[in-house]
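For reference, the chains in residue letters:
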Amino acid sequence: MRGRIEIDRERCKGCGLCMTVCPKKRIGISAKLNTKGYYPADFSEDNSSDSEKTACTGCCLCALVCPDVAIEVYREEKE
Amino acid sequence: MKKVFSRPKSLKDVPFHYCPGCGHSVIHRLVCEVIDELGIQDKTIGVPPAGCAVLAYNYFDVDMCEAPHGRAAAVATGIKRMLPDRVVFTYQGDGDIAAIGTAETIHAANRGERVTCIFVNNAVYGMTGGQMAPTTIPGQVTTTSPGGRIPLRDGNPLDLSAMLALAAGSVFIERTTVINPKGVNRTKKAIKKAFQTQIEDKGFSLVEVLSPCPTNWKMSPAESVNWVEETMSKIFPIQVIKDVA
Ligand SMILES: Cc1ncc(C[n+]2csc(CCOP(=O)(O)OP(=O)(O)O)c2C)c(N)n1
Ligand code: SF4
Ligand code: SF4
Ligand code: SF4
Ligand SMILES: [Mg+2]
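Chains A and B are the protein sequences, given in the same order. Numbering of the first sequence is given in our numbering, commencing with residue 80 and proceeding in unit increments. Numbering of the second sequence is given in our numbering, commencing with residue 61 and proceeding in unit increments.
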């Protein structure tokens, strides 16, 4: 089961709570400020070109704790 | 890939004014998820407080009726008695519900009003600058207890939920947190059960959520989460306090 998340950079307030719960350590903090003046969270995937090898499982843990509802989660459906 | 998590329909698509890492935002989302799942958006009426959540009507896409500080249970009582087919909830901080609003909350619970209170306990008066609240725990530093709360001088923390459990009219009271995915799921389940209790006309229901306030606790969001886990929840244990629903 593979997944991917989308973080809304402008909604994110850089609280970092998503980072602390991601079991795959796929979330970091961006080096670039958003227009509100926060360093937003940043999703990165080492194997993003190959959906078979992505680390993110689409488990939603990051989205569950995100106070600002800045994360949308996508998951590959089971065959 | 299929979208498996996004904003609930009854939560307006606008940014929150809350501070980074604030528990209020998560609790708003969970109430909206429950409203969506129960399919009650068109018959829910919310009553926001004075406190950081004073602007909650900007976020919930349901009818809202602002209450003066502490009076939410009384306002909700009036609404529910005139419109008994609606689902009526209050959304209140600890200062709102457990200090200035203690009387109306206890009597609403005792009368068994068919309303649901969402009680957001962050152990301080958040909006006004982090003063000591009845729920501030022993030793906790606030702007009005700079050396920490001293029980002999300031009293011990008030456990309003336990007091409300003594009232005959209360049927479901649970205390939860939103500090980790498990706590978030449990809080949502508790809110759903509280709403169902009301819909089934059984009596008064309340969910108390231990909620981080990084700004007034002078902690990072991650430190705030740890403080709830290691310190605050020792004074306010995470548990079902009453369930006779
Ligand atoms: C009658 C009245 N007294 C005092 C106030 C000032 N006041 C506004 S919010 C608040 C307390 C907020 O604390 P809490 O209910 O815990 O909410 P939080 O901001 O922590 O979520 C107070 C005392 C007021 N608005 N109205
Ligand atoms: S969905 Fe799960 S694995 Fe993917 S980024 Fe979020 S927490 Fe990490
Ligand atoms: S939890 Fe949400 S607001 Fe906080 S850093 Fe992650 S995406 Fe941003
Ligand atoms: S002051 Fe505290 S309760 Fe109020 S919005 Fe900020 S973090 Fe949340
Ligand atoms: Mg408070």
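Keep in mind the hints are simulated off the structure, nothing from the lab. Quick reminder that beta carbons are idealized off the backbone N, C-alpha and C, glycines included. Honestly, I wouldn't trust all of these hints.
[Said to hold, decoys possible] Not everything, but these chain A residues come out facing chain B in the computed CB check (under 7 Å):
id: 1; residue: R88
id: 2; residue: R90
id: 3; residue: K92
id: 4; residue: A110
id: 5; residue: L112
id: 6; residue: F122
id: 7; residue: C139
id: 8; residue: A142
id: 9; residue: D147
id: 10; residue: V148
id: 11; residue: E151
id: 12; residue: E155
id: 13; residue: E156
- Message: Using the nearest Cβ pair, does A:C139 come within less than 7 Å of chain B?
- Response: holds, 5 Å
Restraint check, 7 Å cut-off on beta carbons, for A:K92 near chain B:
holds, 4 Å
If you take the shortest Cβ to Cβ gap from A:A142 to chain B, is it below 7 Å? Check passed: Cβ of A:A142 comes within 4 Å of chain B, closer than 7 Å.
Restraint satisfaction for A:L112 [CB to CB of chain B, less than 7 Å]: At about 14 Å, which exceeds the 7 Å cut-off, the nearest Cβ of chain B leaves the hint on A:L112 violated.
With chain B as the partner, please determine if A:R88 meets the hint condition of a C-beta pair closer than 7 Å. Hint violated; A:R88 Cβ to chain B Cβ min 12 Å, cut 7 Å.
Checking hints one by one. Is A:D147 an interface residue toward chain B, by the C-beta closer than 7 Å rule? At 6 Å from the nearest chain B Cβ, A:D147 passes the 7 Å test, so the hint holds.
Let's test the interface hint: is any C-beta of chain B closer than 7 Å to that of A:E151?
holds, 5 Å
request  = Identify whether the interface hint at A:R90 stands, where standing means a beta carbon of chain B within less than 7 Å of its own.
outcome  = This interface hint holds because 6 Å falls under the 7 Å limit.
**Request:** Classify the hint on A:F122 as holds or violated, based on whether any CB of chain B lies nearer than 7 Å to its CB.
**Result:** violated, 13 Å
Exercise for the section: Verify the interface restraint on A:V148: the C-beta must sit less than 7 Å from at least one C-beta of chain B. Expected result: holds, 5 Å
Proposed interface contact between A:E155 and chain B, which counts if any beta carbon pair is under 7 Å: holds, 5 Å
Could you check if A:E156 really has its C-beta closer than 7 Å to a C-beta on chain B?
-> holds, 5 Å
The structure fails hints 1, 4, 5 and 6 (numbered hints given earlier, in ascending order).
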